[in-house]
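Based on the provided sequences and hints, a complete structural model is requested.
There are 2 protein chains.
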Amino acid sequence: MAVYTEVTDEALTAFLGLYDIGALRAYRGIAEGVENSNYALKTSAGDFILTLYEKRVNPEDLPWFLGLMEHLAAQGLSCPLPVRARDGRNLNPLAGKIAAITTFLPGIWPRRVLIEHCEKLGAALAQLHQAGQGFAPTRRNGLGPDGWAPLLQKCLPQADQVLAGLGAELTAWLAQITAAWPQGLPVGHIHADLFPDNVFFLDGKISGLIDFYFACTDIYAYDVAVCLNAWCFERDFSFNATKSRALLRGYTAHRPLSGAEMAALPVLAQGAALRFLLTRLYDWLNTPEGAMVTPKDPLDYYRRLRFHLAAKDASAYGV
Amino acid sequence: MAVYTEVTDEALTAFLGLYDIGALRAYRGIAEGVENSNYALKTSAGDFILTLYEKRVNPEDLPWFLGLMEHLAAQGLSCPLPVRARDGRNLNPLAGKIAAITTFLPGIWPRRVLIEHCEKLGAALAQLHQAGQGFAPTRRNGLGPDGWAPLLQKCLPQADQVLAGLGAELTAWLAQITAAWPQGLPVGHIHADLFPDNVFFLDGKISGLIDFYFACTDIYAYDVAVCLNAWCFERDFSFNATKSRALLRGYTAHRPLSGAEMAALPVLAQGAALRFLLTRLYDWLNTPEGAMVTPKDPLDYYRRLRFHLAAKDASAYGV
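Read top to bottom, the protein sequences are chains A and B. Those letters in the first sequence? Residues 61 to 379, by this note's numbering. Those letters in the second sequence? Residues 61 to 379, by this note's numbering.
No lab work stands behind these hints: they were computed from the structure. Keep in mind that a hint or two might mislead.
Given that identical chains are not distinguished, each listed pair holds provided it fits within a single copy or across any two copies.
Said to hold, decoys possible - Straight-line alpha carbon distances no greater than 30 Å define the calculated DSS-like cross-link-like pairs of lysine-lysine that follow:
1) Lys157 / Lys356
2) Lys115 / Lys356
3) Lys180 / Lys372
4) Lys356 / Lys180
5) Lys372 / Lys265
6) Lys115 / Lys157
7) Lys180 / Lys214
In this text, all values refer to a predicted model and were calculated from it rather than measured experimentally.
Following this line, the structure appears as C-alpha cells:
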C-alpha cells in the first residue's frame, strides 16, 4: 500500500491541463503497489490511473517501460495504455516527480489463487512474451544474476539477525545458482514481477496485466519461473504441483518450452526465489521505523528456495 | 492511509449478492482515512465506497452513524448515502468485520486550504447542523470533556518522552478547560471531525462531506471550534484570522451564533485542540512498530492549543 507523494489539487489540475482527458472529478490514493505512488483518477472522460515514479525507479528507464506498454497494448494485450499529452509526451513532471497517466483496467486480482487462475495466467504470460517480440529496444535485468551479489553484500552484515546462518547459506546458494545459470535459452521482453496482484480477472477471464516497472529483456523461461514462485505455493509454503502443471499447460499452449528450457526450470526457479529473497531481505533490514509500507517477510522466499533446491528436474513442477 | 482488512474476491462477490447494485467490476483499497478500511468499488451500476469498520468503531454506534447519514442525505445534504441490501439492512458482515456500502461522491479535498474554502466550509457546517435537527436519536460525544481525563491518564507515564513537562502542562490545562466549559449552549448533531480531507470540492463548490464516524450530539459551536483548529492554521502553525473570519461568516450566514456561543469560542477551541492533542498523543505512544499508519505528530495540536489559550475572546478569531 503506498502513496508516497501527496499531490495538491492545484498541481494536479495544472498537470491535467496538458492532456485531453476532460476535467478532474475525483482522485484517491490507491493502497496497492509498493514501488510508486498511484492514484485512481476520475475525469469527465472516465477513469484513469495516475502514477508518480518514486526513487526506486530509474527515470532513464521510464520511456522504455511506457514504450513497451504502448507496444503491448497495440498488439492487443490488455495492459495499461499510457495516455499522451497534447504535445505527445507520456511522461510529465508533477509534485517534484515524473508522472504518467494510464488507462484504467477493470478486474480484480485473485486473493486466493485457484488452479484455473494458474492456467489462464500461464496463457497470458506466453501471449505477453509473444506480443513483446516486435519491440526493438532492450533493457538489462538489474535484478538478474549479476545483481544478486551486490545485494547480498549489503545484507550480509545483518542477515543472521533474520535467521541464524542465513548469510552463509545465501552465499553458498548464490555461488551454486549463478554457476549453474543456463546459457543460450530464448530471450525477450519479460514482466519479471507477475504476481497475483498484478493480474486482474473479470468474468472468469484475465482482464489485464499491470505494473511493468520490473520488465526487462531476459530469459523467457525465467519469467515462467517467477510465476511458479508467485502462483504455485500454498499459504503453508507447500508447493502445489497441480497449479504448476496448469500454469505450464496454459503457457505451452501458446509458446512451447524447449527441452533445454524445461530442464532449466529448477535452477531458474531457484534464481527467481533468490532474487525475491534478496530484495525482501534488503527491504526488511533497511525499512525505517514508521515507514508507510510494511516490508514483506524475506523468509517466505527462503522456504520457496529450499523447495526449488531440492527439485531434481522439471518433474518437480508436475510435468 | 489504511486498508487493514484484506477482502477476498469470493467474499466480496458473495457480499455484493445481498445488494441490487450490479456485478463487481473492480475494487481497490483507498489510501485515505485512518480509522476504517475503505475500498473504491466499481460495479456495472457505477461507483461506490465499501467500508469495513475496524476496532476503533463501536459496532453498536454504526446504526446511529448510518441513520444520521441517511437522514442528512434525505435533507439534501451531499454526504455518502448508505446503500441498503435487498432485505433492507445497510450493515452486513464481510471478512469478519461489519461492512457498509455507500454512494461515491465526486470531488477533491483541498490539500492547500484557501480563504474561499473556509467560507464555504462554514456554510456547509451550518447546513449540516440544520439538516440534522429532525434526526431524533442522540449519541454522546465519547471524546468530549468527560473523555479527556481517562485518555490523559493513559498517556501520562510517557508524555514527557514527547516533550519535557508535557504531562504537567496537559494536566493543568485539562483542569482549566473543563472548569471553564460552557453550559447551556445550543446542542445538536455535530460532525466533530470535519477536517479538510473530509470535505470535497468540485467546480468551486462543496460537493460532499464524508466520514461521519465521530459524529455525536454535542454543542454546535464546538463543531465550529473543531473547524477553526482544522482549517485556519498555516503550515507554520500561525493562525490565519482572515480564514477564521471567512469560516465564521459562512457559518453565521446560515445559522447565527449567539453572544454566548461567540464568547465561548476560545474555550471551545481549546477543548477541540486538547481532544486532538490527546488522541494523537495516545496514538503516537501506542502505534506498534511496522504499523501501516504513520501516527500524526501530537505537537501540532500543542501549538494550536497554546494559541487558543492566549485568546481572550472571539476577536482572536477575527470577529
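Verification of the hints:
no.: 1; hint: Lys157 / Lys356; verdict: both (26 Å within a copy, 24 Å between copies)
no.: 2; hint: Lys115 / Lys356; verdict: both (19 Å within a copy, 24 Å between copies)
no.: 3; hint: Lys180 / Lys372; verdict: within (26 Å within a copy, 70 Å between copies)
no.: 4; hint: Lys356 / Lys180; verdict: within (26 Å within a copy, 44 Å between copies)
no.: 5; hint: Lys372 / Lys265; verdict: neither (34 Å within a copy, 67 Å between copies)
no.: 6; hint: Lys115 / Lys157; verdict: within (9 Å within a copy, 36 Å between copies)
no.: 7; hint: Lys180 / Lys214; verdict: neither (38 Å within a copy, 54 Å between copies)
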